[in-house]
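Residue numbers (this note's numbering), protein chains in the order written: chain A, 1 to 347; chain B, 1 to 81; chain C, 1 to 382.
Since the hints were derived computationally from the structure, they do not count as laboratory data.
All C-beta atoms, glycine included, are put in the ideal place defined by N, C-alpha and C.
There may be inaccurate statements among the hints.
Distance condition first, Cα-Cα at most 25 angstroms in a straight line; then the derived SDA-like pairs of lysine to any residue [stated by the list, open to error]:
no.: 1; chain 1: C; residue 1: K15; chain 2: B; residue 2: R61
no.: 2; chain 1: C; residue 1: K14; chain 2: B; residue 2: R13
no.: 3; chain 1: C; residue 1: K14; chain 2: A; residue 2: R332
no.: 4; chain 1: C; residue 1: K163; chain 2: B; residue 2: R60
no.: 5; chain 1: C; residue 1: K2; chain 2: B; residue 2: R13
no.: 6; chain 1: C; residue 1: K2; chain 2: A; residue 2: E265
no.: 7; chain 1: A; residue 1: K145; chain 2: C; residue 2: K163
Beyond 12 angstroms from chain B on every Cβ pair, some chain C residues (computed) [claimed, not checked]:
no.: 8; residue: I4
no.: 9; residue: F7
no.: 10; residue: A13
no.: 11; residue: R155
no.: 12; residue: T257
no.: 13; residue: A327
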Amino acid sequence: MKKDYIRPLDIRSGCVDMGHGAGGRAAAQLIEELFLAAFDNEYLRQGDDGAALAIPVGAKLVMATDGHVVSPLFFSGGDVGSLSVHGTINDVAMCGAVPLYLAASFILEEGFPLADLKRIVDSMAAASRAAGVPVVTGDTKVVEKGKGDGVFISTTGVGVVPAGVHISGANARPGDAVLLSGTIGEHGVAVLSKRQSLDFETTVVSDSAALHGLVAAMLGASDGVRVLRDPTRGGLATTLNEIARQSNVGMLLDEATIPVLPQVEAACELLGLDPLYVANEGKLVAICAPDAADAVLAAMRAHPLGANAVRIGSVTEDPHRFVQMETSFGGRRVVDWLSGEQLPRIC
Amino acid sequence: MCLAIPTQLIELRPGALGLVELGGIRKEISVALVPDAVVGDYVIVHVGHAIGRIDPEEARRTLAMFGTLAELAAANEAALP
Amino acid sequence: MKYIDEFRDGAIAKKIQARLHAEAQPARQYSFMEFCGGHTHAISRYGIGELLPHNVRMIHGPGCPVCVLPIGRIDLAIQLALERGAIVCTYGDTMRVPASGGLSLVRAKARGGDIRMVYSGADALEIARREPGREVVFFAIGFETTTPPTALTIRTAQQEGLKNFSVLCCHVLTPSAITHILESPEVRQFGTVPIDGFVGPAHVSIVIGSAPYEHFAEEYRKPVVIAGFEPLDVMQAVLMLVRQVNEGRAEVENEFTRAVNRDGNLHAQALVSQVFELRSSFEWRGLGEVPYSALKIRPAFAEFDAERRFGLGYQPVPDNKACECGAILRGVKKPTDCKIFGTVCTPENPVGSCMVSSEGACAAHYSYGRFKDIAVKVEVAA
């Protein structure tokens, strides 16, 4: 059927309206001129409701999904769009899988400016292309004004686990090395700095990035990698506690080895936050056999996203599953689970 | 209580406001409670307000005290029979 | 970060630690109360407790304004949001404190209360300016450090002639709390809680000066050392207290000379007395009614007093019977003495206020201290 639109979308001053979600011509125009134009690939060009994908015979499939509700939508170093692509690619990669395809679903709020939507979608497309993982299918819905927060994005990714790779949060063993790919706390600080009432000037940029290339390099260098996880919400502390619980082990960290940018440290001081609990979107934690640590670290440091990779501690035997830390000051403390949301303190 | 941190006052602004800096982060705060503060001073900031100034000479003396007392003590102990 | 990093130097910590071990007399027990929640947090976060000699014990005092905020006061704030439709602005620390009916501010928000977290009173004023059709109430808590900023906020509101702004004032006073602890039956008569001295608050003292503590030193013969916020400050202050005890002195000493002097911030004090006056009595969670321990807004600023403006009546609410926060806040019991510590009452599900604030004795012990008896074994794979 020939699509004949009287006028092109008014990106500059137009807004999302209920018609865009109705499934009719307006919806088709939004999809074609905004989404398809940005993501353009062979799968989307088929124009079907789903994508038919080729999977290697006998392969183990990994699927991961994520909802993205970050506020504000735009921040230093990214936006909800690029975040949604990186986040799901990373979830798939943390399972040891090679990410292959993405699906993206948009819940748009009536009144959301098309200019902002285009900016987000273009950013997603750029992130997807740079990562080499296409968005092969998607969906759009519109909710009434007041029922959404501009845009919510949900992304799902699928990937394939190479033969011989077994990565799981339950694999950590006492004696294993705990590795971190770089500095912590940047994403959280970049986002917080844009929130009204916390508003401070900083050059801290979100570290949002797709980590599948780094993971491939690490898995290629050694078969001693046992656990991979990216410390997003809740930060490094939460991720390590999750792994400790899953693997039924404890950990002992050395605070002096954990890298934090001076500006992130300063922002956390100002707000009464602990960098260990602040979100990251372009870092990973790896736990590997002790004799594999050197090889894995070397592979990480050779990759642009792992240049500051460092060993931060070891896995211990501990039925209580505590994550403990030797402080730079000299005493020892527990790095506990986050309680509730980490709210900036005055106390 | 009292999460308050020392920051450097880098700019004074109208309305008893000031711009402070800590480790590269900058924030606008109120200096109404420290009317004598001048650019270059270190002020202690609590809930968006400067509540006092740091005396650099006293700070230096305190740090010296931490170190000296220990050295003195070590010297004393070394001198013991 | 200048004036921060230097005071966290681990090498100097070792020196002070060695001094402490050398000077603490092995035959005695030393018990010092750190009054201020910020010090409790520093002690926990840096693991200072285990750097001290075994016969030097720190007792966590009630200097955490969130911990001593009674249920009844939070109920008032929740009432303003849920029943009176006001925008209630509060510091992050108060959001999760448990109140009546299984509610807290964060839960009231989930029920539709317009409750907003702010970093300072100035933010609450900004909300009032932007939403002239709505009543905006600033839930003001804190000791003397936070009171001058609130005073400033009220005075600014008056100068601007704001018609929709008021403050729910729950500001409390440090010296009264210390007196109350020293006057408590356990300490005064039975000597069951030997407090040999106090680590005085850092930032409260910037505002009030060191003079107000001279009273305790004289009347109760207890040394007070005002300490800065960083871990080296705390360790040095403990060393100074040990020395005073050894030498039989009971003086006010100031370790935090870089920010505190005897008179304090006179400008801030003047502002506070312009806007506030003493309440004859105020209920503290865990301590009960304490005379002349809190502030209320003066009649000249009545229109900014939320209690008057909304005709609020304070209803005291008793704490959960199993909760030992009261005894813990007075240093009479330890968190592990509480039957529900770590089981029913955890940071995720706090029953009492000592567990909500990260500086409360219970939360601090739960998060940082409960591992202490467990040996760490790192097995090296063959």
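Here is how each hint holds up against the structure:
Between K15/C and R61/B the CA atoms are separated by roughly 17 angstroms; this keeps the pair inside 25 angstroms, and the hint holds. The suggested pairing of K14/C with R13/B is violated, with an alpha-carbon distance near 43 angstroms, which exceeds 25 angstroms. A hinted pair counts as satisfied when its Cα atoms are at most 25 angstroms apart, and K14/C with R332/A qualifies at roughly 14 angstroms. Distance hint between K163/C and R60/B is unfulfilled; the C-alpha atoms sit about 48 angstroms from each other, more than 25 angstroms.
Taking the CA atoms of K2/C and R13/B, the gap is about 23 angstroms. The hint holds against a cut of 25 angstroms. Simply put, K2/C and E265/A have alpha-carbon atoms about 12 angstroms apart, close enough for the 25 angstroms limit, and the pair holds. Distance hint between K145/A and K163/C is unfulfilled; the C-alpha atoms sit about 30 angstroms from each other, more than 25 angstroms. Against chain B, the non-interface label of I4/C is violated: not every CB pair exceeds 12 angstroms, the least being about 6 angstroms.
The claim that F7/C is not at the interface with chain B is violated, since a C-beta of that chain comes within 12 angstroms of its own (minimum 8 angstroms). Separation of A13/C from chain B is inadequate, the least Cβ-Cβ distance of about 9 angstroms not exceeding the 12 angstroms criterion. Interface exclusion of R155/C from chain B breaks down, the closest Cβ pair being 9 angstroms apart, not more than 12 angstroms. Distance check on T257/C: its Cβ comes as close as 4 angstroms (rounded) to a Cβ of chain B, failing to clear the 12 angstroms threshold; non-interface status is violated.
The Cβ of A327/C lies farther than 12 angstroms from every Cβ of chain B, with a closest approach of about 21 angstroms, so its non-interface assignment holds.
In summary, the numbered hints that this structure violates are 2, 4, 7, 8, 9, 10, 11 and 12.
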